[in-house]
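Listed here are the chains, written in short residue letters.
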Amino acid sequence: MTNNQPLGFSKASVGKKVLMAITGISVIGFLTAHLIGNLQLFVGQDQLNSYAETLQNMVAAKWMFRSVILILFAIHIWKGIVLWLENRKARPVSYMKDVTLEASVASRTMFWTGALILSFVVYHLLHFTMITTNPEYANLPLDNGRFDVYSMVILGFQNYTISAVYFIALSLMAFHLSHAISSVFQTFGLTKPTILPKLKIVSNLIALIFFIGYVSMPIAVLLNIISLPTGGNL
Amino acid sequence: MKLDAKIPSGPLTEKWDNYKFEMKLISPSNKRKYKAIVVGSGLAGASAAASLAELGYNVDCFCYQDSPRRAHSISAQGGINAAKNYQNDGDSIYRLFYDTVKGGDFRSREANVYRLAQVSNNIIDQCAAQGVPFAREYGGLLDNRSFGGSQVSRTFYARGQTGQQLLLGAYSALSRQIGLGKVKMYNRTEMLDIVVVDDRAVGIVVRDMINGKISSYAADVVILTTGGYGNVYYLSTNAIGCNVTAAYRAYKKGALFANPCYTQIHPTCIPVSGDYQSKLTLMSESLRNDGRIWVPIAKGDKRPAAQIPEDERDYFLERKYPSFGNLAPRDISSRSAKEACDDGRGVGETGVGVYLDFADAIGRLGKNVIAERYGNLFDMYERITGEDPYTVPMRIYPASHYTMGGLWVDYNLESTIPGLFVLGEANFSDHGANRLGASALMQGLADGYFVVPYTVGNHFATKGPAGVDTTHPEFKKVEEEVKQRTEKFLSIGGNRSADSFHRELGTIMWDNCGMGRNEAGLKKALEMIPKVREEFWQNLKVLGKNEELNQALEYAGRVADFIEFSEVMCHDALDRNESCGAHFREEYQTAEGEAMRNDNDYLYVAAWEYKGVGQKPEIHKEPLEYENIKLATRSYK
Amino acid sequence: MNLTLYVWRQKNADDKGRMETYQANDISSHMSFLEMLDVVNERLLTDGIEPIAFDHDCREGICGMCSLVINGNPHGPEKGTTVCQLHMRHFKDGDKIYIEPWRAKAFPVIKDLIVDRSAFDRIMQAGGFVSVNTGGTPDANAIPIPKENADTAMDAAQCIGCGACVAACKNASAMLFLAAKVSQYAYLPQGQAERTERVKNMLTQMDLEGFGNCTNFYECEAVCPKEISVKFIAKLNREFLRATVKKP
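Chains as they are written, first to last, in numbering that gives the first Met the number 0: chain A, 0 to 233; chain B, 0 to 636; chain C, 0 to 247.
Everything hinted at is true.
In silico DSS-like links for lysine-lysine, alpha-carbon gap of 30 Å or less:
id : chain 1 : residue 1 : chain 2 : residue 2
1  : B       : 298       : B       : 319
2  : B       : 366       : C       : 78
3  : A       : 191       : C       : 78
4  : A       : 88        : C       : 104
5  : A       : 197       : C       : 146
6  : B       : 629       : B       : 101
Ranges between beta-carbon positions, derived for each pair:
id : chain 1 : residue 1 : chain 2 : residue 2 : range
7  : B       : 322       : C       : 5         : 57 to 67 Å
8  : C       : 244       : A       : 121       : 29 to 39 Å
9  : B       : 626       : C       : 141       : 28 to 38 Å
10 : C       : 95        : B       : 139       : 45 to 55 Å
11 : A       : 208       : C       : 5         : 38 to 48 Å
12 : C       : 76        : B       : 12        : 56 to 66 Å
13 : A       : 69        : C       : 95        : 49 to 59 Å
14 : A       : 99        : B       : 321       : 52 to 62 Å
Quick caveat, the hints were computed from the structure, so don't treat them as lab data. For every residue, glycine included, the Cβ atom is placed at its ideal position computed from N, Cα and C.
Start from the sequences and build out the full structure, keeping to the hints where you can.
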């Protein structure tokens with residue numbers, strides 16, 4: 000007899016895929032907001048710092064937002080690990096001669112790019128949010144009574160090693176996104192053969208936009224397009 | 000032995016209704032006390048197993064493939080006939096019945112064929128309800144096409160994969176019953192013998208093809224749906240695994256084998272390319288709607304087709320049969336191709352082939368129209384031969400395709416062993432001496448869905464349970480015989496593979512009992528086959544052991560049965576001193592080379608009884624009585 | 000032509016298995032790949048070596064029995080072709096050819112190149128049907144079906160159940176197989192009554208069999224001998240979401 004009780008949504012393989020997609024989209028939403036916020040770096044010290052202060056002052060909203068994004072991120076990671084483990088188990092003996100016809104490198108390395116991105120996120124939080132890795136940022140003089148996020152960012156990116164880490168991590172993120180975005184459409188059943196190839200291109204483009212958007216900041220700092228405000232020093 | 004076909008009384012059109020009314024029934028609560036064994040899972044087997052299980056009987060179903068979905072019914076391309084008359088072109092049950100009897104060259108049983116035509120309509124309804132994706136017109140209704148020279152459009156189809164879709168329909172019904180626990184399915188299990196106790200079939204002995212275990216299964220009825228024996232020729236369009244073993248084992252246990260010489264040779268197959276060839280691929284007959292068949296007029300003309308001018312080509316079918324032309328029936332087309340090649344005018348490297356040329360059709364309709372109609376077939380041809388049929392004419396040659404002969408059954412589809420039913424290609428019942436295109440699928444499903452559920456029920460109700468289980472000494476005895484036979488194959492330790500014997504047998508049969516037969520050739524074959532058989536049992540080489548998956552061992556058993564069976568075929572062909580349908584005896588033809596049937600002396604079914612290995616089997620004749628149809632000479636001029 | 004074959008040999012399910020090397024000399028380019036193996040087997044028999052076991056039956060690309068991974072490609076390098084219709088003209092003298100079985104936990108090796116694909120049957124038994132008994136069905140033309148839907152259902156129904164999709168998928172997922180069957184019924188009116196239950200039950204069975212998950216590699220579509228489109232996986236996903244929001 001094969002009449003089993005149907006698996007629950009989150010256990011069913013398509014359910015897991017849908018969860019990956021939903022949480023993934025949320026993270027992309029966060030990345031978009033985060034990018035728009037951070038690009039205010041190009042407007043100037045006052046703009047960025049007042050934006051940062053506004054966020055800091057919305058305490059309840061901030062923590063609610065943080066916990067939601069944390070939960071979504073956690074589900075994404077957890078399901079990602081489950082999928083990876085199950086998929087590895089599904090082929091205990093691998094081929095002597097292995098060939099790939101369609102699957103992009105990005106699609107085949109989602110777990111690893113995901114893992115590296117996760118470790119970067121931890122570093123990023125320690126670096127800019129908790130200021131653990133570079134405690135000296137805490138000693139920055141206040142900018143009109145506000146914490147000087149602007150100078151902190153510039154200081155951070157003036158360090159070649161740190162910029163390199165960001166550069167690598169952001170390329171991995173873009174790589175991860177290039178498969179993720181087109182996948183979302185397939186997962187929700189929104190594709191058809193005529194648009195699938197175009198979707199892959201669009202997906203790559205969006206990933207590229209994210210990459211350029213984020214990487215523009217360390218690049219601008221390194222090229223001295225943006226530099227520390229005069230008088231602002233340690 | 001007096002053969003009683005048990006045809007119900009009454010007028011032709013009422014026989015089946017009368018039967019259904021007069022048969023005995025089993026109450027729903029008692030049905031679960033009966034068990035049926037179904038051997039084979041093709042159209043007939045899967046549909047019978049599913050339908051019996053739906054009624055409430057318990058079913059054990061066996062197939063040698065790894066899944067019931069792979070039975071060879073899956074390969075049928077063209078379509079399935081039914082007398083729906085959806086096209087309003089004058090079709091009717093009676094017309095389908097008449098065409099089938101005529102197509103079979105008046106060698107089939109009227110009552111069976113009429114029933115087949117009657118239930119043909121139910122089959123289409125059943126399959127549509129199962130979700131078989133038949134081809135449809137823009138209005139959403141079913142599409143039909145004319146097939147195999149029929150003058151009405153009564154063929155339903157699903158692209159070029161009708162057999163596949165119908166089989167998957169039957170497989171889905173079977174799968175449902177397996178899931179419900181009413182059918183127990185045994186994949187990769189080969190039936191090696193049948194067990195008869197007190198003149199009743201009570202079970203089978205099988206070999207588990209994965210671990211070699213030989214075991215018995217008992218039931219109240221055994222249903223064989225094991226297909227045809229076209230592989231007796233070695234090369235055929237059949238699947239490699241198709242074999243005569245189940246039917247032949249039943250024959251050795253007392254079932255009569257009817258009309259074994261009726262073997263259909265399909266005219267449009269891709270020719271043999273070398274002696275390593277393992278199988279011939281059928282190109283759908285529909286190609287003959289637009290392709291023109293020709294050979295060079297001059298013998299041994301080896302120029303490429305394009306360099307042979309129009310007036311040096313012989314469009315032999317158009318020349319000989321002006322009204323049907325390239326659409327002449329299968330047996331006639333096949334024979335004409337063989338004549339041309341025997342005459343030294345064959346084409347291709349081997350000289351065994353004729354052209355099927357689309358140049359005119361492409362010129363008339365354009366490449367796109369041809370691609371739309373036959374694109375997938377052209378692709379397949381190119382895949383296999385490496386030649387592009389859009390630019391170079393296809394080469395085709397006839398190949399063994401279907402066998403009309405099979406175990407003798409009465410109107411109930413019950414063989415001469417009570418409790419042993421035979422369905423589909425494995426029986427002889429409905430196609431006479433030649434089968435019309437798109438009728439094989441019809442017969443398989445008619446037998447399985449709509450005939451045997453009634454007749455088996457009637458059998459249970461009249462005979463009661465068999466009351467024998469596998470502890471009965473007869474089961475042990477047969478198991479022991481099967482084991483010894485299996486051990487024998489392994490212990491001979493000779494030098495030749497089963498395959499090489501099969502090839503040798505195939506050549507003998509193709510040359511002497513193939514498209515054309517004559518007395519001298521058949522007698523020669525009957526001298527040669529025993530020599531092959533003797534050498535087989537002395538010089539066979541099978542490696543490995545029984546207790547494992549051993550493909551060579553499986554094959555050896557099948558070849559052994561083919562060798563013995565081929566003698567029955569030759570005896571039958573030799574006995575039938577006439578040309579009818581697919582059986583063409585060269586001595587019996589008109590001056591123009593047309594078949595000469597002899598209704599005075601051969602209007603009977605020849606049913607052969609086993610008399611021992613190497614002994615001539617004994618013939619029993621079932622006279623064919625035509626009460627409704629007037630016998631006429633088939634003419635396609 | 001002369002070839003070097005590296006063939007997976009494994010005595011039975013419990014054996015560890017290993018690659019063996021065989022020379023295949025004087026191979027004609029007209030042979031099919033399986034006929035080449037027939038020739039090799041015949042020569043092995045002469046040498047007293049047990050022939051290579053491999054699944055095959057119809058040898059015309061429809062039964063779905065043949066199942067070889069050739070140089071890493073399920074069914075070999077030609078698009079839309081089963082192994083049995085692959086011909087040696089696609090290889091050249093001196094080629095080294097790796098021949099391996101389908102690799103998946105749900106398809107355990109039985110012997111050499113033969114695997115057990117009964118998991119597919121069980122997926123079908125879980126819901127790959129319309130629950131109609133024989134008899135009592137309405138006239139076949141009682142329900143018109145738009146040609147487009149019938150054609151799409153047929154596109155999906157062409158699946159031969161060979162399992163190449165699983166063999167090719169980096170995750171050994173059976174999603175294309177499942178999707179083809181679920182889609183066939185979803186596009187037809189006959190499949191509507193059990194539409195919700197069917198996708199849930201078949202998907203559950205697939206998961207329990209130990210196949211991997213679909214992560215949209217599309218390797219399956221690339222190797223499918225019937226070229227079944229991954230649009231049916233999109234359809235399956237929609238069917239799953241639909242079944243999730245529908246009350247049972």
